[in-house]
Each structure stands twice: as C-alpha cells, then as structure tokens.
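Given the coordinates of chain Y, assemble chain P onto it according to the supplied hints.
In case you want the letters, here they are:
Protein chains: 2
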Amino acid sequence: MLKFLTAFAFTLLASSLHAADPLPSWNDTAPKQAILKFVAATTTEGSPEFVPVPQRIAVFDNDGTLWSEQPVYVQAFYLADRIKALAPQHPEWTTTEPFASLLKGDLKGVSASGEEGLLQLVAATHAGMTTAEFEKSVTDWINTARHPKTGRLYTDMVYQPMLELLRYMRANGFKTFIVSGGGIEFMRPWAERTYGIPPEQVVGSSGGLKYEVRDGTPVIVKLPELALNDDKEGKPVGIQRHIGRRPIAAFGNSDGDYQMLEWTTAGAGPRFGLVVHHTDADREVAYDRESRIGRLGKALDDAAAKGWSVIDMKNDWNQVFPPAASDAGTLP
Amino acid sequence: MLKFLTAFAFTLLASSLHAADPLPSWNDTAPKQAILKFVAATTTEGSPEFVPVPQRIAVFDNDGTLWSEQPVYVQAFYLADRIKALAPQHPEWTTTEPFASLLKGDLKGVSASGEEGLLQLVAATHAGMTTAEFEKSVTDWINTARHPKTGRLYTDMVYQPMLELLRYMRANGFKTFIVSGGGIEFMRPWAERTYGIPPEQVVGSSGGLKYEVRDGTPVIVKLPELALNDDKEGKPVGIQRHIGRRPIAAFGNSDGDYQMLEWTTAGAGPRFGLVVHHTDADREVAYDRESRIGRLGKALDDAAAKGWSVIDMKNDWNQVFPPAASDAGTLP
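Protein chains in written order, with my numbering: chain Y, 1 to 332; chain P, 1001 to 1332.
Where hints are given, some of them may not hold.
Claimed, not checked - Pairs of lysine-lysine residues, derived as DSSO-like cross-links and limited to a Cα-Cα distance of at most 27 Å, are as follows: (1) Y:K306 with P:K1210; (2) P:K1210 with Y:K232; (3) Y:K306 with Y:K149; (4) Y:K314 with Y:K298; (5) Y:K175 with P:K1136; (6) P:K1232 with Y:K210; (7) Y:K175 with P:K1210; (8) P:K1306 with Y:K210; (9) Y:K175 with P:K1175; (10) Y:K136 with P:K1175; (11) Y:K210 with P:K1175.
Keep in mind the hints are simulated off the structure, nothing from the lab.
Chain Y extracted, bound-state conformation (with noise of 0.2 Å):
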C-alpha cells in the first residue's frame, strides 16, 4: 500500500513538474532557453537585471506574428466579402474599379489599381459607418468566415506556442500588447478572447473618428482618411502614442516590424527582441525574402548584430495550430 501510495505520489509530481512547463509548444532549443532567462533575470527580485512591474511591457506583432497571414491578410479576406457583401447596394460596382476585379475574383485586376484602388476599397468597408455598426460587422465574420485552405475559423488559424508565451508572459507580471499594421478597429473585438488582449492594449492601424449625435444617440463614425499607418516606421509611433513608455520586449516576424524590434531592444537595461521566421512548409508555409505578404528580409540579416532571437518553426515549434477545435466537425 504505501508503495502504491509512494507510485501515485511520484505520478503526481511528475504530472505537477510536466504541467510547470510553462511552454510546451516549444523544443528545447535556443529561443525557448532565451525566453525563459529573460523572463527570470527581469522577474527575480534581487537580479542585476530586475524590472519592477509597470516597466514589464511586451508588444507583439500580429499578422504572422500571432496568426497566419497566408495567403493573403485576414483582413483582407474580411474586405472582399465585405465588398460582396455590399455589391448588391452599389450596382455601379460591377463598371468601376477596383471593385469589378475584386467582384470577378480577378486579383490581378484589383492590384493593377494600385495604392489609390485600395484606399478605395477600404473606405467602402472600413468607413462612413459607426464604430459599433463596424465591429458587428467583424464579429459576425470572423465567428464564421474559414481559412480557405484550411477550412478553420481565422481565430483557430493562431500559433499555438505564442498563445502559451502571451499567458506566461502574463503571468510574470508582463502587460501585453499588439502593435500590429492591420487595423486597429478590426482587431478589438476579437482579440481580447482569441488572445487575452484586452481593446485598450491593441495598437492598429487606425481611421480618422468623428463624434455625432444622431436623434439622441451618440455614435462615433468612421472617417475614411488614415490616422495612423502601425506599420515599419509607424510602430515606434503607435507605441509611443498609445503606450507612453519604451517595451522591453518585441516579438514580430517581418521587415515590418524591424523599427519595433529596433526601438524596444535599443533602450537601456534587459531588452528582448524575436522575430518568427516562417520555415514550416507542411505544417504551414515557408517564405521570407520574396514574399509579396511579410517579407523577411533585413531583420533576419540583421538578427545576430542586434541579439534578436530567431524563431525556426519547422524545428523549435512542436506544434504550430491549436489542435482543433470543436468547430472541427462542422467544417466543410
């Protein structure tokens, strides 16, 4: 009996000390080991490399970084039906572009207008709406648009080892936030459930906003001008405009997010910088230097000069994608 009992005890431990594994999804290999040394020099009070709190600031990229940005942006997706959506209101569509070549599918119709056609296509989707109208919108979609390649909910297309990382960044007393190039306005109302990332610590591209009152009822509309662009030099903005004080660590995975990356690990003290390079073509899509979406260039020959950890999907992920959810069943 007391044996038994001694068994039960050892299964148990050693069932506590897998659970304590704060990063699972993750192989023993050089980007877990410099995680988990960074999150113990700056948690450890009596470390030379202490951070007290409120200065435990982390900012992640999302496109690529959180989720799959292939083949296309989400939110381009969400855009194009959106644009289907709506045709049926706007039967000028059908002679005008760029929408003609988006309501045919001709994607090469759509880019041959270029930026000008694109800021057109968002300012019918993304604007001269309320921002409670927009994100009814976002949230019906996403809760059932699917990847078409993978027949996913987009909020299941998230990378599982950096879902783990959020929390347990979390729990070490790191504030958490995205400082993304999609939209701010379009993240918000699914962020906070798909990542634990509440509105406030989202940092997006974002629109114009004007406050009304309509017969009573205060609404704020969507202006169709850009406000702010989070992107490449833009994110250093964002982060100082939203956030007020210089992160300590940045996780991105493009050429985009390099000035992120660049400003967080540039400040004085312990800095933590990484970039997820896409290497993983059977558990998801390997690219980098010659991708038209997160190109991933100079970052990654940058890397070891400025002593950003990169991540190698293929070999340091165990696993990339959640394994399916109950959502699983109904796919088509």
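Same frame as chain Y, now just chain P:
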C-alpha cells in the same frame, strides 16, 4: 485589566472602522452615496447591475477634476517658463509676437495673437525635440515649479477626494484612465506617481511623432502639428482610439467634458457621470459659467436630466488638497 483590554479592543475596532471608509474626505452627502451605490451594484456578483472586471473602465478629466486649473492651466505655466528658459537662444523673440509679449509678462498681448500665436508658442516649446528630451524637461520642471498663489508643488495641488476616489475604484477592479485636453506627453511623466495612472492609461491632446535613427540611436521626435485635440467632441474620439470600449463611469468639471460624460452615460447598463462644481472660494476658487478657464454651464444645466451627480466642492468635500507634504518647509 480585562476592562483595559476591552477598551483597547474597542479603540482598535473603531479605528479600523474609520480606516474602512474609502472616501474620508467626502462628506456623507448625495454624491458620495451615489458613488458607493454604483460601485457596490457593479461589483457585487449576482447583482442585476454586475459588470465584469474588464468592462470596468472609468475616465477622469485632469485639469479642474483631478488637479487645480486656476488661475490658468498648469501646462501654460510650463510653457511660459520654457519660453523664458529658451529666450537667450532666441534673441529674435524680443521683437516677435507673441514671444515678446509673453517675455514681458503682458498676457493681453499674448491673447491678442490669438490661436495662431498660441500654436507658435506650443510649437516652440512642445515640438522639435525628442520625446525623451521633452519628458526630462517636464520632469525637471514639475519637480521644482510652484503654484504662484499657494507656493506648493503643482503635484500637491491635486484634489484629495479624487485621489481617494481613484484608489477606491481601482481597489474595486476599475481601470482608471485620464482623458484630458492637456498634452498627453505633458501628463505621462508624473501621472503614475501622482495618481497611480500609468502612461498607457493617459489619453490627451497629442502632436505628430516621427521615428528616426540618429547616428545609430533611435529616437522619436515631436512634431508641431496637432494629431488629436482631446477636448469636447475630441474626448469620445480619444476614448475610442486609446481605450476602444465605452467607459461605464466618467468624471469631469467643465463643458469640455460634456461629450465624454454624454458618450459614457448613454451606454446600456449601469453608468455613472459626475461633474465637479468649483464652489469653494475660500479653500480653492469659485467659478463656473463666466470662467475663461474650465467654463461650466451646459453640463451643469443638463446634469439632472442626464442623471449626472454634481459635486458642490464647498459642501461635499471636507478636504480639498492633501495635507502639506514635507516640501512645505521650503515654501518661499
């Protein structure tokens, strides 16, 4: 001996009961009762008005709500002191308006230059340097500059009842934000130690920012153009941009806070709005409809219909400012 111990125990009990009043500087009048009732209703599980912690967002105006704004905004004193400090490097200011008038202490002359003149003064003192340089300048100034009438540090010219309210709401799971017409970069350097509000929870008027790498060192430069005028209709815009969800409680003191109060209290579910009415000429300054600074008319007129509480400072607060701190010994 038993009698002594019993008396001692009662003394302890009485003092702990006294300590348990979270708002000791508030008289037991209607506004205090309304605050206590709102917080109890929204934080008691099972209450029909229960609000989950993440949605407990409370926004506070700064000038005239958390600290004194008379005879003029504190930031105007900073601006004037900076112009004087920079004048030796700008000999041309002695003959150029509005600088010349300001340097002579001729406020009428400054006023005569209108909004255009004010923008020139702001550009000369609030732009053209890095955010780190500006932060240092504000910190150095706020640590030493003193109120012209009381001789106290400006950070001691805060309202003791509001400090208690901030603490009380945070102790009940509310996240407290400043939403002020004042400059966001002007408030952040001292809001954390003065109010317990971290930089990322300060919303204010903001200028343009630009990221640059200077001789290998990344900096963020403050630009003269205005990015957000966080006053009146701008307050709900600032709330949406920075917080991304509608607060459930708002505290202000002037018509500049009208839209923030309106936006907050028009939402569904339990809501709380409060207007600080400066009625105490003895302990502070009595002003409302006719004041050039912090004018309060429409918000006072509409408070009853909107269900907003109104603080009558003279009658509702038994203390206005914190007791003189150790710095009192160095008063001029």
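Against the structure, the hints come out as follows:
1. Y:K306 with P:K1210: The hint holds at about 22 Å.
2. P:K1210 with Y:K232: With a Cα-Cα distance of about 11 Å, the restraint between K1210 (chain P) and K232 (chain Y) holds, given a limit of 27 Å.
3. Y:K306 with Y:K149: It is violated: about 36 Å lies between the C-alpha atoms, which goes past 27 Å.
4. Y:K314 with Y:K298: Since the Cα atoms of K314 (chain Y) and K298 (chain Y) sit roughly 21 Å apart, the hinted pair holds (cutoff 27 Å).
5. Y:K175 with P:K1136: Holds, at roughly 24 Å.
6. P:K1232 with Y:K210: holds, 11 Å
7. Y:K175 with P:K1210: holds, 25 Å
8. P:K1306 with Y:K210: At roughly 22 Å apart (the allowed maximum being 27 Å), K210 (chain Y) and K1306 (chain P) satisfy the hint.
9. Y:K175 with P:K1175: Within the cut-off at roughly 14 Å; holds.
10. Y:K136 with P:K1175: Since the Cα atoms of K136 (chain Y) and K1175 (chain P) sit roughly 24 Å apart, the hinted pair holds (cutoff 27 Å).
11. Y:K210 with P:K1175: Judged against 27 Å, a Cα distance of about 25 Å means the pair holds.
The structure fails hint 3 only (numbered hints given earlier).
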